[in-house]
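Enquirer: Protein chains in written order, with the numbering used here: chain A, 1 to 563; chain B, 564 to 1140.
Because the hints were derived from the structure by calculation, they are not lab data. Every residue gets a Cβ at the ideal spot worked out from N, C-alpha and C, and that includes glycine. Certain hints may be false.
Sample of chain A residues at the chain B side, in silico, Cβ under 10 Å [claimed, not checked]: (1) S46; (2) S119; (3) L134; (4) R243; (5) Q245; (6) L257; (7) N259; (8) A268; (9) L271; (10) G284; (11) T285; (12) L299; (13) L436.
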Amino acid sequence: MTPPDTLFDTLRPWLSALAKRRARLWLGALLMALTLFSALGLLAISGWFITATGITGLLLAAGVAASLEVYVPGGAIRFFAVSRTVTRYVERLYNHDTVLRLLSDLRTQLFGVLAGLDSRTLAKRRASDWLNRLTADIDTLDSLYLRLLAPPAVALVAILLLSGGVAIFVPRAGALLAAVLILGWLWLTLGQARLGMAASERHVHQLEALRSRAIEQLQGLAELEAYGSLADHRARLDEIEMRLQHDQRTLGRLSALGNALEGWLVSAATLMTLWFAAQAWQAGTVSGPVMVMLVMAVLAMNEALGALPASFTWLGATKGAAARLNQLNAQQMPTNTEVSQPVKNAHTLTLENVHVHYPGALQPALTSLSLTLNPGERLAITGASGSGKSTLAALVSRQLSPTSGHITLGGVPLAQWPEDTLRQRVAVLTQQTELLDDSLAANLRLANPEADDAALWRVLKNVDLAEWANTLPQGLKTRVGEGGRQLSGGQARRVALARLFLRDPDLVLLDEPFAGVDELTAQHLSNFMDSWLAGRSVIYLVHGLNKNAPLPPRITHAVALAD
Amino acid sequence: MAALSANSVTSAKSDKSGNSAKQLLNQLAREEQRRFRLAVASGLLAGAFTWVQMGLFAWCVTALIVDSQPLRELSPLFALWLLILPLRGLLTYLQETLSQQASLAIRKRLRQRLLHHMIALGPVRLSGYHSASLSYQLVEQVEALDGYFAHFRVQLWLATLLPLGVFVITLRQDWLAALFLALAAPMIPLFMALVGMGAERLNRDQFAAVARLSGHFIDRVRSLTTLQLFGQTAQARESVWAASEGYRTRNMRTLRLAFLSSAVLEFFAAVAIAVVAIYIGFGLLGYIEYGPSDELTLFSGLFILLLAPEFFQPLRSLAQHYHDRAAALGAADSLVNLLAEPPPTTRTGHTPPVPEAPNTLIALQNARVSHPERGVVLGPVTLSLARGETVILTGASGSGKSTLLQLLAGFVDPGEGSRLVASDVRFAWMDQRPLLIQGTLAENLRLAAPKASDEALHQALAHADLSDLVSGLPHGVETSISERGVGLSGGQAQRLALARVFLSQAPLVLLDEPTASLDEHTERAVMQGLEALKREGRTLVIATHHPALKALADRHWHIEHGDLYSAQGQEVRDDPA
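Produce the complete structure using the sequences and hints provided.
Expert: Here you go:
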């Protein structure tokens, strides 16, 4: 169960996700290399040209008949000047397109993973800060290629080609250059990554700790102020901030160190190349212009190595993001075991000695619960919030597996029901109304994608919303806003009910069906609901039976859950 | 059309607040002026060392080729060069770390200031904000200033001064070559504007689009339970894909233009280098018969060529950090708005007057609470509360019950009236959403009394009917309730808050709907707890709907539309009590 923690193991699933776009990635890296070579070419040829013209000029001045072909190098200089700009532009555009494609890939892939989580994990994950971190983590990973894969690869190729090129003219300089630059490259990538790993991996957690302490301080301000413990709590906040800043300082220093070393490395390599090239020139094995050209080319390596230290110092952040997303994979709901017996209908339900204890919870959520629901019965389960009603709903709709005990639906173990059939036969109205930020019609059609407009109007009429919907200028196309915010709580509840009426299930689970609905409307809803529920087995989850709130229709018997 | 006009309104508004955002950034930077100056100085010096290196390079080449000096005689030059390298490295290191230190200090100070301001605003004013968005401002938006202070600000100076230095050096070598650079110079503000506009627009568009896309994704994730129940997860996955791809195609259109602006900068830089190189080459060959080109030597030619990229390099670095500026302005804009909200006057270093009657714990005289949008929400109210009294406060939701409690607690201003408090009255506060902090049960309890003994904790737990639960836990009060109370039900959290009240020993207890949304068992436990508090002689004010709590009360206040009545139907402000 423990997630893999070596760097490669952690990144592997995401590297293989990138590999699906292999062709684009290679092409993007090639464009990056072309940009680099244009910059290198521009400097090298210019250096050659000026030295060559300088020497020729001296000869001419001394009265020696000399000539220099100027049009080819002049053309090359102009060519590299233009190609540097063009390749850079094309490269940026192309690689950003790639990154956005990767983003689509990763989001979609992750959504698939999330869709396989059980209801408990999802409920914990509903908090918006978790969702924000999730999207931030994906964003971190989609730039994996652009920051951590392509640049070091291109730099390494450039080092090899440059050393090779220098070696053609001055073998000793080429060999030494390769040795120095490869060692430097290793330091700037792996070395920096190693030094920064722990601090950059911690960084997200420290930000998160700071955020949750800040939320405590702000939400609990009344109590903290009353008890005079503001300063105490503030001290906790300050301590977290101090640790955060300590790590940020470490990382900042490391990347400054990396940048300084990078500058030093390229300059030292330049100096070294000049020394050996000058020896070769004095030995007569290379010409003066070539000597300058080689040195200038080495100088241009700054462009290839400059961005590496900062990116690699922060490698831990990428690793952390990948590790968190990997954890989601480990929390997948077990897929249903295949059917051993044919399922008929879902009119009967039995729970036998069912026990649920969430990991980390102080107390079990449900203890030895047994109950039987026969065809056509309407069972009311009562209990305060926290007594396990929602746990029960999640169990019956197989969004949660019991810690122990057995559940059978229609005589067949629940775990053996095929997913599609289960969803058709069992309908649930969840306690929390979830509406998509989409049109009214789209929200209703979640329940039945084939439903025509007439059917939608019919169910809206059933929940007393048809008149209201008629007054909307956009009618069924009206958007309901984020989380249904454009609707009142009661309207949202009724949309959720209307959605339910579009289905034809055997077993219906209604969690606080009239929450947020005024009494008069509840009465009206109750009447229609009564007729729609005829012939189906029903479980109502309600707060209590003796409260003033309207009760759902025709309860046959009741079970109370203790807190 | 509607969208267009709305857009222009927001841009007009953001222009105005954009200025104060800039002011905030400048004000913050002033506090770290010394470090910034040192960082700029280090950057300039590092740049100068780069020029020296280039000069040494050109010198060596000239000495070798033109003067045919043996390499060995040049070793002092090489040694000097070797010496310069670590110096230059040290200077760039200093530049980076100094501006980073400045950024850290600025962010720390700003965070303190924000937190201080938020606390001064008080729990009531803060409730107008979403706590998640406040913590976002406190954490993410303060962090968003990092790039601006750690990179952009210093780079802006370097991008102005370093090219100037290169220009002056080039001018001394060859004025015509310098002229080529100078011709590019007027283009520099244009580059900057182009790059800036591109980056700012890119940032704005990008931000809006990313927010929309994340919104779509988050919306689907938030509804996953429903999607699972309706068997619609596969379709939703398709829609996530479609939204992402739609975003990509739209975004690429923007990027094509946005990248063009930095391409222009690159283009001018490359062309200027090429022109300088060709000019020098032809000049050295003697092909150019006018201007200073006949004075060009291999040294000056090479030196100018080597310096030309350095003319543009600081600008290119600046362009890379331009998005930092946009991000910082965006964050500062939102922080300025928060900081501009004035805190209630009573919450800023004000000691309330003391009531005359010795038995009076707290009193209000003609106190009035008004709300900028809703007008007067409570009062004028005149009342006094004697030691040991238990008062029940009733009224329809929205009538002003909570406001009266907040007024008693001092979380809001009494308007033109006054709030009188016996000296050193401490109070305990409990509402429907008790504070749970990350930590152990004991840490949560000790919020009310940091020095309470373990025995006192257990006594308080017993009063709140939590003993059974806690004694059943393997680690007892040292059990941690991490992740915002995961592990505790709503009723248990409420009882934990009650235990805190017991632990606090505060003489005045203010309770806002202490039994709402509890099951009958917990409700009973809480009620017994309140009775025990009353027996201890504490003064209780309980806002509630619950009929059973009335039995506890010595007095009964009722609020209707912001006016306070005693149970007899007489207005309390006329009540001599």
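Enquirer: Can you name, in rising order, the numbers of the hints this structure does not satisfy?
Expert: Violated: hints 4, 10, 11.
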